[in-house]
Structure formats: C-alpha cells, structure tokens
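> Chain order of the listed sequences is A and B. For the first sequence, our numbering begins at 1 and goes up steadily by one. For the second sequence, our numbering begins at 1 and goes up steadily by one.
Keep in mind the hints are simulated off the structure, nothing from the lab. Model, not experiment: these values are computed from the prediction. Glycine included, C-beta positions come from ideal geometry on N, C-alpha and C. Be careful, since some hints might not be right.
Simulated restraints, written as ranges between beta carbons of each label pair [said to hold, decoys possible]: (1) A/GLY96 to B/VAL453: 42 to 48 angstroms; (2) B/ARG379 to A/SER109: 57 to 63 angstroms; (3) B/ARG379 to A/ARG76: 47 to 53 angstroms; (4) B/ASP47 to A/ARG76: 21 to 27 angstroms; (5) B/TRP80 to A/ARG76: 27 to 33 angstroms; (6) B/TRP80 to A/SER109: 50 to 56 angstroms; (7) A/ARG76 to B/ARG88: 36 to 42 angstroms.
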Amino acid sequence: MKDARTDILRGTLDLLIMRTLKTIGPSHGWGIARRLEQVAEDALRLNQGTVYPALVRLEQRGWIKSSWGISENNRRARFYALTPRGEKQLAVEEAGWDRIAAIIARIRSPFPEEGAS
Amino acid sequence: MTKLKAWLSRLGAAWRKDQWDQSLNEEIEFHLEMQMQENIRRGMNPDEARHAALRQFGGVEQRKEEWRDAQFLPRLESWWQDARYALRALMRARGYALFAVLSLALGIGANAAIFTLLRSLVLKPLPYPAPERLVRLFESSTWMGSSTWGSVSVPNLKNWREQSSTFAALGAYSVGGVNLTGGGETVRVPAAYVESGVFEVMGVPPMLGRSIALDEDQPGRDRVAVLGHDLWMRQFGGSAEVIGAKVGINGAESTIIGVMPQGFRFPPRSPMEIWTPLVTSHDWMLERGNHWLNVVGRLKPGVDVTAARLEMNEVARRLRGAYKENATRGVLVEPLHFNTVRGTLRLLVVLGVAAGCVLLLACANVAHLVLARAAGRRRELALRAALGASRWRLVRLFLMEGLLLAGAGALAGILAAQWSMSGLLALAGEQLPAGIPVEWDGVTLLFGVCAAVASVAFAALLPALRATKTDLQSGLKEAGTATGVALSRSRNPLMVWEIALALVLVVGALALFRSLQVLNLADLGFAPENVLTMKVAAPESRYTAPEERTAFALRTVERIRAIPGVRHAGMVNMLPVQEAYSNGNFSIRGRAKPPSGHEPAAEHRIATPGYFEAMGIPVVAGRTFTAGDQDGPARVAVINERTARLYWPGQNPLGQWIAWGTEPKPEGWMQVVGVVRNVRHAGPYRPPLTAIYMPIKPGGMESAWPAMSLVVRSPLPPEPLTRSVREAVRSLDPGAALYQVKTMDGVVSDATAGTRFLARLLSLFSALAIVLALVGVYGVMAYLVSQRTHEIGVRMAMGAARTGILRLVLARAARTGLTGVGLGVGWSISLLIIARHYLLGLDLGYLWTYGAAAAAILAVTLAASLVPAWRASRVDPVVALREE
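All chains should be modelled from the sequences, with the hints used to inform the complete structure.
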C-alpha cells in the first residue's frame, strides 16, 4: 500500500528532475530543487530534501550521472547531468505523461468530442 | 538489466558506506548553505535563514535515512541489523549461548570427525588406475547348510579364465611372510605370493625394474622378488643398484627384479612389502577341492559388475555340473573397493549413528533453550507484531540467533574434531586402516555448514514458527499464567525424544560392554593364562622337504621344552581365535557315502605332541598325541567334541577310522584316539567349528607348515621367556624367523579390540548424551516451574503442602521420563537387531541391560528435576500471587 503510493510520487518527481536537467543543463541538488520551486511557483509543495533520494535512484538506473565540481559561489558541489540513456528515457516518459494527461483532460471535459471514444 | 545494475550499485555502495555517508553530509551541508544565502538575500537574519533552510529541506535525518534506503540494500541492512541484535541478545544471555554452542559443537564435531573418516577411508577411490573396474572373486559355498564364501581352487580359477569374457585379467595371490636375509640379520617381512596377472590387474607399473613375469611361477624360476617402496628405503637405502642384487628369501638366494612406487599396496591397505611368485609346489595345491587362492580381477572397459556376476553365475553353473567337488559351489564377484572398506564402513556406520544421536540431542537441547527464551519474550514479540513486524521478520530474529549459535558451534566442533582426530585414530589402533591420510577439505567444511544449517532448522526454525504463532491480543494481555500450556505441550515430546535418544546410546554402550564381559566369562575352550605364542618360520629353502621342516619343528619344541621354567610346549599350524578356515571333507570308514554336498567336514589342524597341554585344551576321552605318533605307518587323529557329537551322536568315536577326502586312498585312514574340548577357532564370538587334529608327521598333509605357531606354557614373565625362546631357536638355526610374539591373552584381546574400541567410543558418546539429557531435562523442568509459579502460589494459598508440590513436579518429570524410556527401549531393540548384523557378539537378550539403562536415565531425569522441584516447593505464595 505504502509502496504503491510512493511509486507514483517517485515516478513524477523523477520525471520532473530529468526535465529540469534537460532544460537548465548539469546542476547540483540545490539548483534542481530551487528550479522546481521557481517553475511551480509554490504550486508544488516540495521538501527540497526529497530530490536527493530521487537523484540516487536515477543515478543507479544510469539515467543521470554525477561528478564533483565547483559551484557558482566557489564551493565544492556535486553536479548531476542527464546521460544519453536518460534523455531517451525522458522522451519516453514525457510522451507517456502527455498521453495520460490528454486522456484525463478528455475524460474531464464536459463536452467530449463526438465519436472519439 | 536496469534493476540488476541498481542492485549491483547498492551492493557496491554497501562496502563504501562510510565514504558515502561523508559525501552525503557534504552534499546536504552545501544545499543548506545555498538555501541559507538565498534566504538571507530575501532579507532574513542568518539564524532565521538557517532555520528556514532546514525547514524547507524537510527533516535532514529523515531524508538521510530515505536516501540511505535508496542507496543500500535494505534487506542486507536489516539482516545485518538482525544479526547484530541477535549477537547482543546472546551476549546478554551468555550462559545460554555458551551451553548451546558447546552442545552443538559436540554434536557437529562428532559428526564431522566421523564424516571425515568416512570420506578419507571409505569413499575415496582406491589408488590404482581405473579403480572402479577392480573386483574380488570368491567361491561361494552352501556347505553344511550355511552359506559361506571364500578362497578359490587352482583348477576352478583355470576354468574361470577359460570360460569368462568380461575380465581383462584375473590374478591369484596368497599372503604370508618371508624371512628376508640381507646383511646378517634375518627379518620377517609380510609378503604376498602373486601371479603375474595380479600386476596386470592392478595396473601400477614398478618404479624401478620390472614386475613378475608370466613364466616365473615355475619352481626353479621363482627366485625373484619385487620390493615395496618403504622396505627398499629401509633395508636397501633407496639405491637404484638394488635391481639385480641377490638377497636371501626364506634362506634361498633370490634376485630383486623391481621396486614398486611409494604408496603402492597390494592387497589394498595391507602391510605387504615383498611380492614373490605364487608357486604351486605341492600336489594338494592343485586339487579342485582345495580352496586356497585369493583372486582379483579387472573388468574390461565398459563392463559392469552385474554383467560379470551374470557371466560368472553361468560359469559356476557349468562347473557344478561338470565336477562333483563343485556340487555346492558358486562364484561371488564383489567390487574391490567395497571389499576393502567393508570392515571400516561397518565401524563408521555404528559410530555415525551414535554421533547422529548426539547431534539430535544437542539440537533438542538448543530447541528447548530457544523455546524457553521465546516464552520469556512473548510480550516483546507480540509488541513487535503489533507494530507491524511480519511473522517472517520475527522468525528471522530466532533464525539469526540460531545461525550464530550453530555457526559458532560448527566452527568449534570442526576445530575440536580436527584437533582430536589423532587421538581418535590412536584409540582406534588397528581398527581403522593405517597409512591413509585423513584429510580435511572443502567438503568437510561443507558438511559442517550443512550440519549447522540442519541444526538451525531443527533447533531454531521449528520453535520460532511455534513461538510466533500467537495472536497478538492474547500475547499482549497475557500475564504469564495460562500461556505455558501451549508451549509445554510442544516441549514434552521433545523431552521424551531426548530421553529416548540418550537411552539408545546408553543401551548400545552397555550391550557392547556386556558382549565383552560375556566374552571374558565365555569358555574359549582353552586356558589362555601363562601362555606365550609366536610364529616360527624355518628358512624354506634349506628346509624344502616336508620331512626336514617337520624335523625342525619337532627339534624346536624339544629345545623349548628344555628351557627351565617351561611347563609345556607344542606347535600347531593355526592358533585358536586368531586363524581358521582351513578345512575339508572327510569320510568315515564303514558308512554309506553321503550325497554330494553333505559330506562330513572339519577344520584340519596339525599339532606336535604337547600342544594340547601347552594350550590348555582338556581331553574329554582317549588320549592326545605322543612322541610315538610321528613314527611308523600307523596314523591317528584327535577330534573335538563338536565333531564327535555331530558325526557320532550317541556313539563312541574312539577307535573309529576317518580319512580326508571323499575317495580316500587306503593309506589315508586315521584312527580316532582322542576327543578334546571345543575351542573357538574363528574368533571369540564365533561358535566352535568341527575340527580334526593330526599329529605332525613327515610327508603329505601332516607335515609342518613353513610357519608354525609355537605355544609355550610357563609361569615366567613374557619378556625373559621370549629371550630364552629366541636364543633356543637361533642356536638351532640362525636363519629361522620369530615373529608375532604375543601372550595368548594378547591374542584374545586383539581379537576383541574392535568391540572394545566401539564400546569405549560409544560410552563416550553416551556419557555426552547423558550430560546433554541431564541439562535438557533440567532446563525444561526449571522452565515449567517458573511458568507455573503463579499456579503453585494459588495451590499453596489454598493449603497445598510443600511436599505435595515437590511430589507434583517430580511426578510430572517421572511421567515424561517413563514415556521417554519406553520409547527408547523400543528404539534400542530395533537398533540392536539391525546392529547385530554388523557387530559380532552383540547380545540383545539381556533384560538387565535395558533395566540398568532405563534406571540410569530415570534417575538422571529425576535428579535434573530435583532442583526445580525444590525451588517450586519453596515458593512463597504471597510473593507468587503478587507477581503478575
């Protein structure tokens, strides 16, 4: 029960992180978390810390890779970047997400297109 | 793929945990600092900024934990956690842990030791090329209604060779010893007389020189010898020059033609160190009715033993039809490996069963302890279950404890077994084959691991399953009163088994001791006290003619008799108890010829005058041999009581005429002049055989054997007596060899050494079993009493007397003990019935054996319950009732 719920969240968060990395390029954990907050404009209530377990998972799957580098304020920081496999995976997941979103949108629409079902 | 990769990455991370933790902290610290700066930019003061950053991060520790979960293998982690928890729990209960480890170490160690012996001495293939194709062949016989098997006669072997096609080679041999003269001293060396075929069968080429050639079994060409490696090193300094060198073998000059490589033994595991040609020098050796050859064979590639058996059965059938001597004869084909290890296997099977019992007992004990601990932890378990721990997780707690205990037990046991192996081998003496390395290897370790896992399954898994099968409510509600019932019900059978197992071991040990005692009381038929025996071998080459050998034997006896302090002296060809089965059919004058296969038969013994007196064999009727019996044409014989009773029932055999063979020659008839007591020829446990004694006589069957047993009766101590005898024989002929010097008591004791070894080891095992049972019973009873403290308090409050409480607990123990004893007696009887096939002389008819064992076990049970019972009777009702 508990597992099923986190899976959905986890899947969503994973997608968001990969999308962010795709958009802003290699970034450290705080950068990703910050970017997510800015884009969502507080509509998304996110504990910043949750990105880290997700990053570990993504790295284990080989979709992102990490390396230590120097941050904009000259501090040692861990930078994450999408791998080619991650790019492919992102495309697959976004396509799937779009499809689901479209289906949900259609179902929720008060005037379903005729003959579409 | 992705999953596997993730898993591998987790596994890898598990090894670099510290490093990883550090980088995790660093990353979080960086994050918090960035957020703090951001917050300060938004106008917060540094303190506020820091707090806000932490809040936004959302619980650093919680996140770390989540992070770790993602990073590592949570399963491995929690197993590790369980193990550490179990270790801590065991450290707290040190006495319990120590006892459990010791129990398991004893059980696993005993089994590992026996297993190692089994693997090294029984399962390992014999050291010859393609050993699985080697067989031994015997003639089987249904002679005198019993089914026996033994040696082969020369003509029969010849027919086997001609008529069989499943063997690549057959080889005959016989064993004995030779007097080896090389450099002054004459030494006796165990030797085998072999056909050239034996080397072909065994397939091991000599290290130096050659082996025996096909035509070297002819008298005159047989003066060659192949040496064993050790003898070559010892006697000839390991020099390659030895090939072609001359040595004296039985006084004749022989040529050394070869040296076998180190480790070569023939017959397998025998001490033989010289191989010389097998020569059929006497006519009797060629008779079809004289069975004296040992035969080995090598199967052709691709032929299995069954095919060889089928073929040889057919050959035997043809020979039965063709020759009347073969009327009751068959052929037995047995893998050489099995034939070699048979005795060792029997011994180890008995020991293995005993060791298995000890391990079972140890497991039962540990199971008791685990259950008792589980009962004490009921509330903890129920709480864990209520908090969401799965049953498996709870069982795992027990398993972890069990695994730790069994692991430590197995380790300690294997180390102890390895350490005590040399002692065990020393105790075994000649009961286990010497010179074969007993090896510890991966398989032994694997055995230890398996034993440990099996112990865990028995000692921890079952109790764990039972203990965790509780519904939460009753577990949480329980106040320690009614709950003992469910547990004790499962524990009583365990206790009953334990008592039964201990009883089995005690009965086994007692039965063996009993059979030894029976033996001491048994009438061997002779008086072994104050009798010294030894083999005297005349140098054969100088005493080739039977007349010369006989004269030498008689002269030797004369000399020995002249030694001051010697009461009687005599010689015989085979010593009682030590050697037997040299036998044949005989005819009785004036009787109708019996049907083939039903002829009278007896052991034949050749003795000098004085033998019966020296050995202390009483005369029942008539007389023994006198000096006059050697001379003149008159032939006499002495028979034993069994022969008289069997073939002259209700008649007087004295004065009757008998002769060896079914068609005796006129000069073969012997007159029976005496009847003597039966002796146990074939070992202390075998009943006496029929026997005919003939006075030693120059020529023919009654001439002296190349090596005769000298029997000297004297009150002198063995050492000085041996010296005097040796001097006397040397003065007669310095080339004669004296060996196997033993008192007759020693001969008897050697014959029972196997039983004594088993009895000692089994009593050791049963002592272990008793200790384990004692502690086990104590543990159970103490537990039961502690569980029933409340109930006892109530009883006392209601007016029960302290003695009544004492009686209550003891009665309970006695009931369990009696059930266990009953079960144990049943098991013992069935086991002894099986064991009787393996152990000669094992008796199962003695009620007192079971009685004594049962009484001992019951006493142990009650003794173990005494302290808990006493404690129960001291219970203070006020305290007991308040104690919820």
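> Would you say the C-beta atoms of B/TRP80 and A/SER109 sit inside 50 to 56 angstroms of each other?
holds (54 angstroms)
> Lying within 36 to 42 angstroms: is that true of the beta-carbon distance A/ARG76 to B/ARG88?
Holds, since A/ARG76 and B/ARG88 (Cβ atoms, about 39 angstroms apart) stay within the stated range.
> Lying within 21 to 27 angstroms: is that true of the beta-carbon distance B/ASP47 to A/ARG76?
For B/ASP47 and A/ARG76 the Cβ distance comes to about 25 angstroms; the hint holds.
> Lying within 42 to 48 angstroms: is that true of the beta-carbon distance A/GLY96 to B/VAL453?
With a Cβ separation near 47 angstroms, A/GLY96 and B/VAL453 satisfy 42 to 48 angstroms, so the hint holds.
> If you check the beta carbons of B/TRP80 and A/ARG76, does the distance land in 27 to 33 angstroms?
holds (31 angstroms)
> Are B/ARG379 and A/ARG76 spaced within 47 to 53 angstroms by their CB atoms?
Between B/ARG379 and A/ARG76, where Cβ atoms are some 51 angstroms apart, the hint holds.
> Hint says 57 to 63 angstroms; check whether the CB-CB distance for B/ARG379 and A/SER109 agrees.
At roughly 58 angstroms between Cβ atoms, A/SER109 and B/ARG379 fall inside 57 to 63 angstroms, so the hint holds.
Every hint from the earlier list agrees with this structure, and none is contradicted.
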